[in-house]
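Modelling step: build the complete structure from the supplied sequences, incorporating the hints.
Protein chains in written order, with this note's numbering: chain U, 1 to 331; chain X, 1 to 561; chain V, 1 to 182.
Worth flagging that the hints you see were computed from the coordinates, not collected in a lab.
Part of the chain V face toward chain X, derived, beta carbon under 10 angstroms:
#	residue
1	ARG31
2	THR33
3	ARG39
4	LYS49
5	ALA50
6	ILE86
7	HIS96
8	CYS163
Taking CB as the label site, the calculated pair distances span:
#	chain 1	residue 1	chain 2	residue 2	range
9	V	ARG82	U	GLY182	29 to 37 angstroms
10	U	ASP287	V	LYS141	22 to 30 angstroms
11	X	VAL140	V	GLY131	56 to 64 angstroms
12	V	GLU8	U	GLY182	18 to 26 angstroms
13	V	GLY131	U	ARG187	30 to 38 angstroms
14	U	ARG236	X	VAL140	27 to 35 angstroms
15	U	SER259	X	VAL140	54 to 62 angstroms
16	U	ARG236	X	GLY431	20 to 28 angstroms
17	U	SER259	V	GLY80	48 to 56 angstroms
18	U	ALA23	V	GLY80	28 to 36 angstroms
19	X	MET421	U	ARG236	23 to 31 angstroms
20	X	ARG348	U	GLY182	53 to 61 angstroms
21	U	ARG236	X	ARG348	15 to 23 angstroms
All values derive from a computational prediction rather than experimental measurement. All C-beta atoms in this analysis are idealised placements derived from N, C-alpha and C, irrespective of residue type, glycine included.
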Amino acid sequence: MHPFMLSRADDAATAIAAHAHDAELAFIAGGTDLIGLMKDHAARPEHLLDINSLPGMAGIEVLPDGGLRIGSLTRMSDVAADTEVRRRFPVIAESLLFSASGQLRNMASIGGNVMQRTRCAYFRDDDDPPCNKRRPGSGCSALHGLNRNHAIFGWSDTCVATNPSDLAVALAALDANVVVRGPTGERTIPFTGFHRLPENTPEGDNVLDRGDLIIAIEVPARIEGHASHYLQIRDRESYEFALVSAAAAVAAEGGRLRSVRLGLGGVAHKPWRLTAAETALRGVSLDDIDALKSAIARSLAEARPLAHNGFKVELAQRVALRALQTAGERA
Amino acid sequence: MNAIGQPVSRADGRLKVTGGAHYTGDLPLPNLTYGAIVHSTVANGKTASIDTAAAEEAPGVLAVFTHHNMPRMNPTPKPWSHLRPHGQGYLPLQDDKIHYAGQPVALVVAVTLDQAMHAGTLVAIEYEVERPGVFGPQSVKQAIDPPQFLWPVASSVGDADKAIAASAVKLEQTYTTADRHHNQMEPHVATAVWDAEEGLTLYEATQHIFGTKELVAIVLGLPLEKINVVSHFLGGGFGGKAYVWPHTLLAALAAKVLNRPVRVQLTRAQMYSMVGHQAATIQTIGLGANKDGKLTGIRHESISPTPVFDSYIEYAALAARHLWGASGGIATNHKVVHVNRNTPTAMRSPHEALGHFALECAMDELAYATGVDPVALRLLNDTEADPLTGRPFSTRAMRKCLTEGAARFDWDKRTPEPRSMRDGRYLIGQGMAGAIYTHWRWPGKARVTVSSDGSALVEAGTHEIGGGTYTVMQQVAADMLGLAPEKVSVRLGDTRLPASHPSIGSATMANAGASIMLAAKAARDKAIELALTGRDALSLPVRLRTMWSLLMADCRCRDIT
Amino acid sequence: MSENSKREFVGFTTVSLVVNDEARRIVVEPRTTLLDALRDELGLTGTKKACDRGECGACTVHIDGRRVLSCMTLAAMHAGKRIATIEGLERNGVLHPVQTAFIEHDGFQCGFCTSGQIMSAVAMIAEAKAGWPSAATDDIKRQFTLRELSKTEIRERMSGNLCRCACYPNIVDAIAEAVERG
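Have a look at this one:
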């Protein structure tokens, strides 16, 4: 890697100020994405600020309403193993267990997980092929290149990459919130608004500014929370990013859906909520496969597949259906 | 009790589970420096300029080599030979041409690896780019006849085309295989150390220490007695570490210029371009048969890519030369397409293994076309004689494999219609294929020393690539000598030891093992003679003990010789 | 001011950590990975560099008892922590039960992945004992117990460790036996 300075912050205010003032400074928590990016020269911060000692940012708290507050420095494996997470929001635990490997889950923080950058092979290619995310203005190699793993929704001619985080799909489906502290104070960002679409500036993955530090993720109590499921389909049985994944959370009565939360991963620059499908699914019986399918299809009508990923449209239909059915069994 | 046939634990087991086995990149050496290779990012053209100023001034950097200042290498010898196998004929850092993406264009040597790798990113290269040639469906039209590489390029017995044309059942299919990369867990690595007296010691992750020694001696212009190659433990070979690749030559010359040990270890990404891989193939199979499934003709053609500077053939169509009989004729042929890639190499399993895939898929299709059961079809077309030469096979267990396999896998319960078998919510598919593999014979030497304390030492220039060589050689020698295995030590992986053959082609046990067996037998016979003829150096108790255990060995050994 | 409490540094600096129960001091740059520090500074070459990208598990060590990938973390960030490598697993010449099981079940061929496999397995068993579920667990809402650590569970939990010699069946058998022996 290139030479850089390493320092450690003891309090959030200092960390935030340092990040706000120095554009060449990056926070490092688990480092499992950042160090890979640095080795591939896709990130070259001159100064790494170790935030692992910041107080009050690790741990899981049950909120008064029955939801959860997950400190951003909590490790993926600790969140996945937590009994409150598993009981109240199994989709979160499952999304984490389907991610990465045992070793990586022990190292990686929740905050880092939602910040992780795309796995697009052109973006991560040390040979620096055209990539607007890596080098704005240089072009998008995947648009007319090998794009099997790329987006079917929300892409633009500047970038067709997908967001790789499984956890993000679950959090988007549950309408979680990101608690962020910046130079001007603390604010809450709805998770569905945290990640961006590429539009004309694909170099930005999310809406954070310089100086912003993720403090926690809050998941409010949801009636659909405990009847939730994450399903990931990928080329290998384990330790692989999703081709298409789905997070489903349902509330049902007498086998009939009352409300549905449904999101897809592996299909866009951000987790993709199937809002049209969610509306159409209300009142549908979990036994009525045809009705379930046609409701899901409403959200897939706007899919725009690329040359090599047309299979994702049908796969998304099936993954969403299966996740919905499994979540329904837990209702 | 014999050691052979016992489920013994590996002799190197304790070392491997405690981190005590030293692989090439683990060896501590005083004054060690690290080399990082800079590679081309274009596939065809040349480097118009290489600016190394910033790299040379980076902290810790001792030297930056490019084609401007890398010492000259002698051309690789022709024809290609397993005895001195170059991985590719195009030598690194000798000119400004670019023939493939990922080609070495500079080597940075520094005190630490981080310093070398970072300085590598400071080397500024301008390219003149030309359109590269690539392998794909269009290659069928571009393919040319190559000169012979390892075996005859084409073969023909009878008249396959005529036989197929006249057949009741005809089938023609095209099968493709993709590039495959060995991706051994251990990346390729070479550490070169020069000494004024001894010359070059090359610690190399190789499965062919003697071939490496011979080839490096030629390319660097060294007398053979001034180079030794060491490889005690290999972290995976699979054929990919049997030939000599650019990093080895670069490490050796850099170490010579700097007069310090230089280690060059490839990054995982560099494993895809700086060492060989298994080439893709486009194979066409034509089959002709009677309605009962008896083959009348086989045509097997294979096209594979080769670099612009080498003529490597992936001999897939070898399969049809030996696998099944055909009454009217068998014709095989290989063609190549020159593309801007690095040179392919043998990858477990190479050549005919790729061809088996295509030929056996075609046979499966023939089973459906004729309605003949796939096992019955193979039994019908099995042959006691080699179809190519007409000579009888010395051993061919195909019939036995097919019959025994069918019995063990309940083949008679299989229904051939697709989707006809289920297990709960799972659809079950069951198929079969036959395969044969060539048995290799190589010359090799070994030395066995028996000591008066009742221990023995086995020495052979063979390799431990995971197949259990340390263990097996111990078992063979122990049984031959009548000693407990714990009394037998094994040394291998050093060209100062008796010359053995490469550890390729699943040949180590049969060949190095045979030389060890013969050496152990000779040592045993000599020890018995010494005991019986009463040399002064041996006291009576020792002589009696030795004689007793060696006579016991003689009895046991009759079981295995 | 002790070397570990240095707030920031750029060039080489000394960092103290505990490696295999011994206090050690290493001289590293900020960019030095824990893997390179263990191998090059401390000569503990049992831990291997196979991919250097966190994709293969050959570099697995324990930090404060947890399995991690040493190639994907910086040595200097672990000042004062307890690091365990494969070399430290045996005690007074007695192999750890997982090491013994690997020998008895022939859980390796070339051996290059073996250090990482064993370190990963030892910590994985501790995770299972602590009741952690995995992606292979049927009902993650229930508490997980060690006797549910089936071969399917082992395979899933060990999926971060690759073996190109394909010893997976023997590796799983070795781990299953080590679990059974307690």
